[in-house]
Amino acid sequence: MKNKALNPLRLATYATLVLGAFVSLLPLVTVLLASFKDVKEFGISGALDLPKSWLYLQNYATAWTKAKMPLAFWNTALILFFTLIGSVITGTMVAYIINRFSFKGRDLVKGAFLVANLIPGVTMQVSTYQIMTTLGLVNSIPGIVILYTGTDIIAIYIFLQFFDSIPRSLDEAAYIDGASYFTIFFRILFPLVKPATVTVLILKGVSVYKEYYLANLYLQSKTRYVTISTSLYTFTGEYGNQYNYICAGVMITIIPILIAFLFLQRYIYNGIARGAVKE
Amino acid sequence: MERQQKPALQSFFEQREVQKWLVIITFTLVPIALLVTFTYLPFVKMVEFSFFKMKYLGPRTFIGLKNYQDVFSRTDTKAALVNSFYYMGAGVIQLTLALYFATILSFKVRMGNFFKAALFFPYLVCGIAMGFIFRYFYTRGLVLDSVLSLIGFDKAELPYWLKERAINNYSIAATSIWRYMGQSMVLFIGAIQSISPEFYEAAEIDGATKIQQFRYIIFPMLKPIVTLNIMLMVKGSFSAFEGPYVITNGMNGTATFVVLMHQLAHEAGKVGLASAMAIVLLFIILVGTILQKVLYNLLFGEKAGERA
Chain D
1 MKNKALNPLR LATYATLVLG AFVSLLPLVT VLLASFKDVK EFGISGALDL
51 PKSWLYLQNY ATAWTKAKMP LAFWNTALIL FFTLIGSVIT GTMVAYIINR
101 FSFKGRDLVK GAFLVANLIP GVTMQVSTYQ IMTTLGLVNS IPGIVILYTG
151 TDIIAIYIFL QFFDSIPRSL DEAAYIDGAS YFTIFFRILF PLVKPATVTV
201 LILKGVSVYK EYYLANLYLQ SKTRYVTIST SLYTFTGEYG NQYNYICAGV
251 MITIIPILIA FLFLQRYIYN GIARGAVKE
Chain P
280 MERQQKPALQ SFFEQREVQK WLVIITFTLV PIALLVTFTY LPFVKMVEFS
330 FFKMKYLGPR TFIGLKNYQD VFSRTDTKAA LVNSFYYMGA GVIQLTLALY
380 FATILSFKVR MGNFFKAALF FPYLVCGIAM GFIFRYFYTR GLVLDSVLSL
430 IGFDKAELPY WLKERAINNY SIAATSIWRY MGQSMVLFIG AIQSISPEFY
480 EAAEIDGATK IQQFRYIIFP MLKPIVTLNI MLMVKGSFSA FEGPYVITNG
530 MNGTATFVVL MHQLAHEAGK VGLASAMAIV LLFIILVGTI LQKVLYNLLF
580 GEKAGERA
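Chains as they are written, first to last, in my numbering: chain D, 1 to 279; chain P, 280 to 587.
In isolation and in its complexed conformation, chain P is listed as follows (with noise of 0.2 Å):
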């Protein structure tokens, strides 16, 4: 640059309008470039594959709607999307486990911490290394089995966890609660602790006893984040994922929809008819949350949905 420009070219960075919008572009260029490349190219591309009879590398044929009809026609994806509601009716119980343990674990109870820690922590623990350890849990002869064994049930009686079909989806549905019970549990304990204390010393002078608080102070208090954890869940139950492919792999009749959608993608290259399922499970969701919304509204008023 010049050198009697100078002064001019100072003056022009110094307009705040300048200032401004050279802040929001260097702030702004990188974040953006990532969501459109990570977010919403995927999302065109897609919906682009779902046309497509191809894979990833190699020639591709455009089927038009085809892949559609088979995401509701083959047997294996409606298995899946069936298998969703295994993991339905566990998070219904996970909610209601977590509800309970952060309304006791919100007053004072002796090792309330230890309680608190041992719920919480398989949250913690990593996909994979969850996977080891229930085929290990549920493998023939050993926890389970030695356990179930101690309270009086046959060895030789009991199925086989994992592998056979009447059971084995209510097995690793049952593993998604044992590790997202205690994050449930911690988000209910925060809404808790954000009650005012005051409400309880009212009740408690007033003689109230610690169930006739949790149903007239702590439940009420509590509608709008658990309904929104209700809606959360049926969204989850739907994309359930690390369960199914870190346990099983989804053999035996254990894939759900997502798990299927990966071994149709990376497996037998089917990326057309994965791409197809994935547009069908986000209409899933979409129209999960508009209902929501609109269901959140009408319970709760407007502004408490403004958070949702």
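The shape of chain D in the complex, shown without the other chains (with noise of 0.2 Å):
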């Protein structure tokens, strides 16, 4: 490409470029900020102000206990691995028998799936939570991973459409080889649909890390099954208004997202992009 000359219409594409990304990155940096001062600073100091040390970290030390940051991290790294290979497992299934075999009934199960996907999963907690209780899934790791894999139709979405791109005389010559069904999906489709499975781990992965109104219902006890997204509950109370404390345990639930995205930029690009359609 050539490289052409500052003309007016260029210089104004960046000035909004660099508008746009101020504005993106200012409530983040203006946290980040504020988390490096201490209480006496933090009063002085304009928001906007840089802090007198960057290498202040009161504020993340107090934040990593107050907020069980330890045991939040555990918590959700636990429920990050089990829903995802929960996700996987139950999304594949599906859409392979409903993509690969013919059989009565069939149309009414893709469909009880795909009308699923209409529904906002927030609205069903009314009723959900009765249920919850009577299952007896309320306060337990178990019960919500089991409530966030059993409401995960994207992941089906995602996988039938991958299922369609594997041509069926693969299936059929591994069959005719004497390959049970069974063999066919574990060594032969399962394999093939890494890409797929990318995408959903992406997917499901971000938005059980950001997940907050379900955990807050169902992991009520703040002491024992806080996660990462509820850590910062905490705060609400009897910190309310000292920002220099929630300003780092804000940061706290950042960093890690942060790095994975720098590692991961382009899978959860592709990820967001083939599966956002949907939700």
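Source of the hints: derived by calculation from the structure; they are not laboratory data. Be aware that one or more of the hints could be misleading.
Stated by the list, open to error - 25 Å max Cα-Cα, derived BS3-like pairs, lysine-lysine:
no., chain 1, residue 1, chain 2, residue 2
1, D, K110, P, K299
2, P, K299, D, K104
3, P, K324, P, K334
4, P, K502, P, K489
5, P, K357, P, K549
6, D, K40, P, K434
7, P, K334, P, K345
8, D, K68, D, K222
9, D, K110, P, K514
10, P, K549, P, K332
11, P, K549, P, K334
12, P, K572, D, K110
13, P, K434, P, K357
14, P, K332, P, K345
15, P, K357, P, K334
16, P, K357, P, K514
17, D, K110, P, K324
Two chains, two frames, a set of hints: combine them into the complex.
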């Protein structure tokens, strides 16, 4: 490409990009600034002023213990691990059956899954809450994992599309060679849908990491079942206006996802581009 | 199992039809059980609840359609429904900006990756962190006020962004642009990149400007996905939730329909009324979806509609 001189139109384009990035990052950067100021400094300095020292980490230490971050990280890791496994397994299995077999009731099963996608999960909690209570799934890590896995329709969509692109002659050849349907699924097809699996892992991973409402509603014991997304809840009470601690807490929840983002940028963009249409 | 039966049993399991049903049942049993338990059963229960005056525990009274009448006559529910329009407005801005930035960033731009990342990253911030970020951002005298006073506004004349009823819904709806614009943008970039580069090359040779390329190549190609996103956005604005929930908890007239529903069910103990609200919302979404299909097919023909 030729390097064109900066004409006014190009300049204006860059100006909008810079403005966009500024608006996008300002709320985050100002939180970062506040996280390095002690109570006194926070009180007298402006919100846009740089901190006296970038090495003042006391807020982080306080937020780390007050918000029970070690436990929160552990719980979130557990929930992520099992939800992701559950979503990939159920997603691929259902998609395989719907895509590869014709049987009585197939359209009903497919329709049942696809229609469920229209319903915003948040609205269902009025009555799901009662079901979760009855099943003894409130205040339990397995409980929230089951709920996250059981309401994950997007994975099925993504796997369905992907199975469509794998030729059926492959299954047929393996079947003639004596492979069972289980072998065909686990040994042949499952490895082939890897790109779709990555997409599902990314989409589901991001959404579970961020998810606040269900975690807050069903993991009520904030001493035992705190997750990264609910850890900051503790600051709503006694620390209500102590923004230096709160901002450090906010940064602690942002850092892991920022690191993941820097390493997995391309995969995250691809995942969003493929999956978000159906959200 | 007895020994001499084994060959018969084995050949039974080797039949293709049997194998087929075996795999169908083992693979779908659990997912269907989960789907029924956490999607369809709650739905049926919610329809049932909506005819009762009830709490989660304790006795309940059948009151017919009273809850539905209340949904359309209570001032708080009506106000919450009206609040959806702030989010619809925000959604229009969000999609317009997303389309604009997606177009720019699809071409070679200096530091393009940085801008893309900066615009997208807010999407990854978790719910309650966003709540605190914007409570801090909008607090009197802090971030927004400082920036505005830098560019010449009088600090004393600035409003309380989250308290004053004339402005607080705009403040919160704006945060949804901040959070979701990047997601739409990445989506549109994906769509633009799937357009074959030959189109641009041909246009370039014919001397078309970038603006003409957008007008005659990109925009027509993106129409289906943009339309789809407008529909999703309309649905999304009726079910707007996390912003007002984590930033103001619906105080000072910022409750959206779903925030109010949550409060009625889990805080005020009006489970029947909340259920009726949920059913009304689902009805709105259902009608919206049907309208979307019809409109989509009218605009882009049957074939394109299949993907929607």
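task = Could you tell me which of the numbered hints above are not met by this structure, giving the numbers in increasing order?
result = 13
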